[in-house]
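Participant: Spelled out, the chains give:
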Amino acid sequence: AARGCDEKGVIAARGCDEKGLNCGVRASAYGRARVLVRKCAPESMKKKTAAAAAMMMLAAAACVSCVAGLRFYMHPQSEQCFSDSFEEGRRVVGDVVVASGKGVIEIDMVIKDEAGAVVWQKNNVDHAKFEFTSTAAGRGHDRRSRYHSGDHDEYMYDDDDDMWHSPKYEFCLSSHRGDSNARKRRVTLNVHSGASARNYDELAKEEHLSELETTLRGMYDELTNLMQEVEHVRMREDALRVINESTNSRVVWYSAISCVVMLAVGAYQIVYMKNFFRKRKLHVF
Amino acid sequence: AAAVAVALLLAVWSCAARVASGLSFELTAGKELCFHEITHKGNKVLAFFDVVSWGYGAYVYVKVRGPGSKVIKDFDAESEGRVEFTAEADGEYSFCFSNPYTATEVSFWVNIENDFGLADVIKEEHVNDMVYSVERLNSLVSAAKIDLSSFKAREARHRKTAESNRRRVTFWAAIECALIVIVAGAQIYRIRKLFENKRSI
Numbered sequence: 001a002a003r004g005c006d007e008k009g010v011i012a013a014r015g016c017d018e019k020g021l022n023c024g025v026r027a028s029a030y031g032r033a034r035v036l037v038r039k040c041a042p043e044s045m046k047k048k049t050a051a052a053a054a055m056m057m058l059a060a061a062a063c064v065s066c067v068a069g070l071r072f073y074m075h076p077q078s079e080q081c082f083s084d085s086f087e088e089g090r091r092v093v094g095d096v097v098v099a100s101g102k103g104v105i106e107i108d109m110v111i112k113d114e115a116g117a118v119v120w121q122k123n124n125v126d127h128a129k130f131e132f133t134s135t136a137a138g139r140g141h142d143r144r145s146r147y148h149s150g151d152h153d154e155y156m157y158d159d160d161d162d163m164w165h166s167p168k169y170e171f172c173l174s175s176h177r178g179d180s181n182a183r184k185r186r187v188t189l190n191v192h193s194g195a196s197a198r199n200y201d202e203l204a205k206e207e208h209l210s211e212l213e214t215t216l217r218g219m220y221d222e223l224t225n226l227m228q229e230v231e232h233v234r235m236r237e238d239a240l241r242v243i244n245e246s247t248n249s250r251v252v253w254y255s256a257i258s259c260v261v262m263l264a265v266g267a268y269q270i271v272y273m274k275n276f277f278r279k280r281k282l283h284v285f
Numbered sequence: 001a002a003a004v005a006v007a008l009l010l011a012v013w014s015c016a017a018r019v020a021s022g023l024s025f026e027l028t029a030g031k032e033l034c035f036h037e038i039t040h041k042g043n044k045v046l047a048f049f050d051v052v053s054w055g056y057g058a059y060v061y062v063k064v065r066g067p068g069s070k071v072i073k074d075f076d077a078e079s080e081g082r083v084e085f086t087a088e089a090d091g092e093y094s095f096c097f098s099n100p101y102t103a104t105e106v107s108f109w110v111n112i113e114n115d116f117g118l119a120d121v122i123k124e125e126h127v128n129d130m131v132y133s134v135e136r137l138n139s140l141v142s143a144a145k146i147d148l149s150s151f152k153a154r155e156a157r158h159r160k161t162a163e164s165n166r167r168r169v170t171f172w173a174a175i176e177c178a179l180i181v182i183v184a185g186a187q188i189y190r191i192r193k194l195f196e197n198k199r200s201i
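Heads up: the protein sequence lines correspond to chains A and B, in order.
Anchor point for the first sequence: position 283 equals 283 in the numbering used here, and the numbering is continuous, going up by one each time.
Anchor point for the second sequence: position 88 equals 88 in the numbering used here, and the numbering is continuous, going up by one each time.
Next up, chain A with everything else stripped away, as it sits in the complex:
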């Protein structure tokens, strides 16, 4: 039998039941899959129907491990929060899938921004999608410009976030309702932003792009984002260099000053005591 196939010649895609249907992971507009069943072709058939096999494999393959996310178990009466920073203005999309299990358990999800305001909320989540645009929650001034203008107060770099601030969002899941015999549930959370978040189906229709062009456009967007991030990291590392060099020169200066102070004070002590004894007419010297 071909790899991974059972006697009937059927592979169950992940999360699917015995018939290969009702798979746990569903398609989203940001993935491309629609069909979730994967069929094996036994060795003998493969050579004859390679094309057919490839087509089917494509259809299935586009889904199964498509959404790269975090999978974990939620226990009853617990809370789990995740946070991430997204560059301002970027669109953030994602979805959450709660697998079925024993007992009744209700898992609620809420997305909050830094100020604590609720951006998205859903109770009793089974499979939900969310989408929002990252906006700065009314921060006073942009500290990044202070760094660049050069007039920075050196004692103000307390917090990394102050200088290179990206709005931070928190994704919280809680399971406070449900009955007592409920067991843990597997939850899958996926969050994408930037190039991963664009809907290429729509774009293809709008601009009448062929599939290859869409693919390459997507790759281009990914790489553009990547290059922006590289630039960002490069600037941050420049700040690191400045800090390190400043510390380096400070160590030298402060040690020198320290030595000078010690010598001066020692000399002053001796002079003072000499005068003191002279005044008291104690000719210890």
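Among the hints, a few may not be true.
[Claimed, not checked] Within a straight-line C-alpha distance of at most 25 angstroms, the following computed DMTMM-like cross-link-like pairs (lysine to aspartate or glutamate) qualify:
1) B:K31 to A:E79
2) B:K152 to A:E88
3) A:K281 to B:E196
4) B:K152 to A:D238
5) A:K168 to B:E196
6) B:K31 to A:D179
7) A:K184 to B:E196
8) B:K152 to A:E87
9) A:K168 to B:E26
10) A:K279 to B:E196
11) A:K184 to B:E26
12) A:K274 to B:E32
13) B:K152 to A:E231
14) B:K152 to A:D179
15) A:K112 to B:E105
16) A:K184 to B:E105
17) B:K63 to A:E79
18) B:K160 to A:D238
19) A:K184 to B:E32
20) A:K129 to B:E26
Please keep in mind that the hints were generated in silico from the structure rather than gathered at the bench.
With chain A's structure known, arrange chain B on it following the hints.
Facilitator: Just chain B now, kept in the frame of chain A:
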């Protein structure tokens, strides 16, 4: 055949490039949090974690386990780590984080190569070299994103260390000078007192 190739490419890209950014989570002291991934034999798995909190106690214990609870990699009190392996068997792989003493914030990212039997199909179909090249380009872009994320996290932590260093140097140098002056003053004062009420020696 061309249509197949292109569709294949499309499917591969749409998956390989769809990489979620590293989410950070708060790990409470003493509790263990595990993430699970199911994959097939032969898939490459890449994961990295980085402790966002800084300071004393900012580390985690991580255990990477394969199917049958076989330990693949073990991190003891590390503040960052990276594990890359090829899945040896089908099944569930888990990444468990714990810190017995302090609450820490950890950022974690995992990527699993998709399993399409792509190599087989390509050989059989004699697919165009360009398709294969673009597919490999995709994996490289994903890998680049992963490495960049890990680099960003490390850089943030190193900068915190450097800033803390500078603050400490300044503070303790000031304390040192102040102490020298105070101790000198105290010495003089004490010696004066010694001679105050005594008759000459």
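Participant: Against each hint, give a clear statement of whether it holds in the structure.
Facilitator: Structure-based check of each hint:
no. : hint             : result
1   : B:K31 to A:E79   : holds (12 angstroms)
2   : B:K152 to A:E88  : holds (17 angstroms)
3   : A:K281 to B:E196 : holds (13 angstroms)
4   : B:K152 to A:D238 : holds (13 angstroms)
5   : A:K168 to B:E196 : violated (67 angstroms)
6   : B:K31 to A:D179  : holds (23 angstroms)
7   : A:K184 to B:E196 : violated (81 angstroms)
8   : B:K152 to A:E87  : holds (14 angstroms)
9   : A:K168 to B:E26  : holds (14 angstroms)
10  : A:K279 to B:E196 : holds (12 angstroms)
11  : A:K184 to B:E26  : holds (20 angstroms)
12  : A:K274 to B:E32  : violated (69 angstroms)
13  : B:K152 to A:E231 : holds (11 angstroms)
14  : B:K152 to A:D179 : violated (43 angstroms)
15  : A:K112 to B:E105 : holds (17 angstroms)
16  : A:K184 to B:E105 : holds (23 angstroms)
17  : B:K63 to A:E79   : holds (22 angstroms)
18  : B:K160 to A:D238 : holds (14 angstroms)
19  : A:K184 to B:E32  : holds (15 angstroms)
20  : A:K129 to B:E26  : holds (23 angstroms)
The structure fails to meet hints 5, 7, 12, 14 from the earlier list, while all remaining hints are met.
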